[in-house]
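Go ahead and model the full structure; you've got the sequences and the hints to work with.
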Amino acid sequence: MKKACVLLVTLFLIVTFSIMAPVAKAQTQNDPTEVKVGVWLINVEKVDLAASTFKLDFYIWFKFDPDKISLQEVKEFEFVNGAPTRYEVTAEKGYLEYRIKGDFFKTFDFTKYPFENQKLNLQIEHKNLDTTKLVYVPDEEESNIDSEANVAGWSISSFEVGTVTHSYGDESFSRFVSSVVLQRPLFSSIFKSVMPIAVITTIALLAFFVSPKNFAQRIGLGVTTLLSATAFHLSLLNGIPPTGYLTFADKMMIFVYIIFLYNLSVSVLIMRYVDLKKDEAAEKINMKALKILPFLILCGVAVLSLNQLLL
Numbered sequence: 065m066k067k068a069c070v071l072l073v074t075l076f077l078i079v080t081f082s083i084m085a086p087v088a089k090a091q092t093q094n095d096p097t098e099v100k101v102g103v104w105l106i107n108v109e110k111v112d113l114a115a116s117t118f119k120l121d122f123y124i125w126f127k128f129d130p131d132k133i134s135l136q137e138v139k140e141f142e143f144v145n146g147a148p149t150r151y152e153v154t155a156e157k158g159y160l161e162y163r164i165k166g167d168f169f170k171t172f173d174f175t176k177y178p179f180e181n182q183k184l185n186l187q188i189e190h191k192n193l194d195t196t197k198l199v200y201v202p203d204e205e206e207s208n209i210d211s212e213a214n215v216a217g218w219s220i221s222s223f224e225v226g227t228v229t230h231s232y233g234d235e236s237f238s239r240f241v242s243s244v245v246l247q248r249p250l251f252s253s254i255f256k257s258v259m260p261i262a263v264i265t266t267i268a269l270l271a272f273f274v275s276p277k278n279f280a281q282r283i284g285l286g287v288t289t290l291l292s293a294t295a296f297h298l299s300l301l302n303g304i305p306p307t308g309y310l311t312f313a314d315k316m317m318i319f320v321y322i323i324f325l326y327n328l329s330v331s332v333l334i335m336r337y338v339d340l341k342k343d344e345a346a347e348k349i350n351m352k353a354l355k356i357l358p359f360l361i362l363c364g365v366a367v368l369s370l371n372q373l374l375l
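If you read the sequence shown in the working numbering, its first letter stands for residue 65, the second for the next number, and so on.
Among the clues, some could well be false.
27 Å max Cα-Cα, derived DSS-like pairs, lysine-lysine [as the list claims (entries may be wrong)]:
id	residue 1	residue 2
1	LYS256	LYS119
2	LYS100	LYS157
3	LYS170	LYS110
4	LYS157	LYS110
5	LYS139	LYS170
6	LYS341	LYS355
7	LYS165	LYS100
8	LYS132	LYS191
9	LYS170	LYS191
10	LYS127	LYS157
Per label pair, the in silico range of CB-to-CB distance [claimed, not checked]:
id	residue 1	residue 2	range
11	LEU250	VAL287	29 to 35 Å
12	VAL365	ILE220	26 to 32 Å
13	TYR321	PHE251	23 to 29 Å
14	ASP210	PRO260	34 to 40 Å
If you're looking for bench data, these hints aren't it; they were derived computationally from the structure.
Because the structure is a prediction, the values reported are computed rather than measured.
All C-beta atoms, glycine included, are put in the ideal place defined by N, C-alpha and C.
Laid out in structure tokens, this is it:
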């Protein structure tokens, strides 16, 4: 009886194993192969905002199990946002490394220009293997940016690597993304973008200290500085491509134009009173307008600052 029980248990285990083994094997085979990807950013050689491009120099490597995926299959990746030059450094069992140099493309966000941060991404996908067959895993431990990396006119704020899933209709592909965030130096941006127009506007507002009787000089000063402000506005936007929205620089210049309009309107009104021989009334209007001016400027600065913080 005992032998019969042992025999039955043995047969049960054999049958169970024979059924479960193929299922487990099939599940293992259906699991996507993981390939670890890392980046060492050597330098950001150039950022061309007008052309919407940037140039990077970096190493990229792939760590993989050669029993699950071949070296040739690992090599079949492509850059989504560029076509740089590849220099193969190492290609051995379980490891592949390239040095990459070239231009990448990016639709920059200029909402906060000229005080914006720009995020530069390099993105890769496999040409043929979707997420059911291959998944990229970021090598966060070894990926980094070189201590000597720099880019003229910018400071490097942060660097990170990660992966996302990108869909093309019914197919989804694993996408490796490496990002570096560039930040404009605050003092430099203020000195180059705000200081010149502040000086031009201050010169225009000196008209309030000119005698109302000299209205010709007042209007001449206002018109001349307005032309200078317009030229500065155009030069400020030369460094970026045309946008379908207002940048912070545009909003700043709209406020400046309002100040100029206020200045010229007061000057024209004063000129009319002087023509009517009402010099005292012209002087009173000038003094009232001068008292209102600081509140107008403070309101404009507050609105611009709040707008910049909320963006």
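Which hint numbers doesn't this structure obey? 4
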